[in-house]
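> Protein sequences, first through last, are from chains P and W.
For the first sequence, the residue numbers in the numbering used here are 1 to 149.
For the second sequence, the residue numbers in the numbering used here are 1 to 106.
Worth flagging that the hints you see were computed from the coordinates, not collected in a lab.
Worth double-checking, as some hints may not be accurate.
Said to hold, decoys possible - The list that follows gives simulated cross-link-like pairs (lysine to aspartate or glutamate, EDC-like), each with its CA atoms no further than 16 Å apart: (1) P:K34 <-> W:E46; (2) P:K33 <-> W:E46; (3) P:K58 <-> P:E146; (4) P:K58 <-> P:E3; (5) P:K58 <-> W:E106; (6) P:K51 <-> W:E7; (7) P:K29 <-> W:E46.
Claimed, not checked - If the Cβ cut is set under 10 Å, some of the chain P residues that face chain W in the computed set are: (8) E28; (9) F53; (10) I63; (11) V66; (12) N74; (13) D75; (14) K78; (15) S83; (16) N86; (17) I87; (18) G89; (19) G90; (20) V92; (21) R126; (22) T149.
Each residue gets a CB set at the ideal place from its N, CA and C atoms; glycine is no exception.
Residues per chain are reported as follows:
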Amino acid sequence: MEELELLIYFSGFIFLFLLGLIVGGRNEKNHLKKLDIEEKELEDIHCSDIKSFPEGVKPGSTITAVSAQVVIANDYFKTLAGSLRNIFGGEVKSYELLIRRGRREAVVRLKKEARELGLDTICNIRFETSNISNGAEVLVYGTAYERNT
Amino acid sequence: MIVVSTETVPGYRITEVKGIVQGNTVRAKHVGRDIAAGFKNLVGGELKGYTELLTEARREALERMLSQASELGANAVVNLRFATSMISAGAAEMMAYGTAVVMVQE
Chain P
1 MEELELLIYF
11 SGFIFLFLLG
21 LIVGGRNEKN
31 HLKKLDIEEK
41 ELEDIHCSDI
51 KSFPEGVKPG
61 STITAVSAQV
71 VIANDYFKTL
81 AGSLRNIFGG
91 EVKSYELLIR
101 RGRREAVVRL
111 KKEARELGLD
121 TICNIRFETS
131 NISNGAEVLV
141 YGTAYERNT
Chain W
1 MIVVSTETVP
11 GYRITEVKGI
21 VQGNTVRAKH
31 VGRDIAAGFK
41 NLVGGELKGY
51 TELLTEARRE
61 ALERMLSQAS
71 ELGANAVVNL
81 RFATSMISAG
91 AAEMMAYGTA
101 VVMVQE
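Make the full structure from the sequences, and use the hints.
In structure tokens, the structure reads:
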């Protein structure tokens, strides 16, 4: 009887663990695939964090600030793996990947915003990150314009 | 109004600096979004509710900064910067700041 009680006690935990592992893993893989496609598609939009305007500005082009942001969270399995890491110390790979994913998504959105405005170059790009309820918030902004080449 | 994150704008000359302008807003998320985010914390992925919330907050901060700039009689804001911070567990602050200037086309 004792084993059954123990199993019931832990079943919720095990369910969440597996849910995170399976659904979370699949979500992440899909997201990375989507990012690969979108990044390729937006390749012609040049990005830099140079303060002055590289590649020149086309006369008459609009020059404006653009910004994009994303809030992204880890799944239960990875959160757990991350907190285990907190005990032993060392590189927390699951969070590393999470933030990298968030940054890539934010840059994709930034490029999309520039394209919507009919502009093809973004300079002086800045990243701003903060943590929000177990996840990460990434804000990215820059100045968009049309290049002169 | 021209708003850029660079220090200068090609084709324009800064004739007068009006000073630093800033706008900020602190936003709290509501319980519904909290619960939805709680579910997302299980499977991972984007927290859309929070993204929307912060996008609104960013627009608001930018808007406040711009109204301050136009009050000063500036026609552009250069060197725009954003900063975010968590004020308490449920609230996030978004701040936008820059230098209000008067520019003329060369």
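> Hint compliance check: list the failing hint numbers for this structure, sorted ascending.
4, 15, 16, 17, 18, 19, 20 and 22
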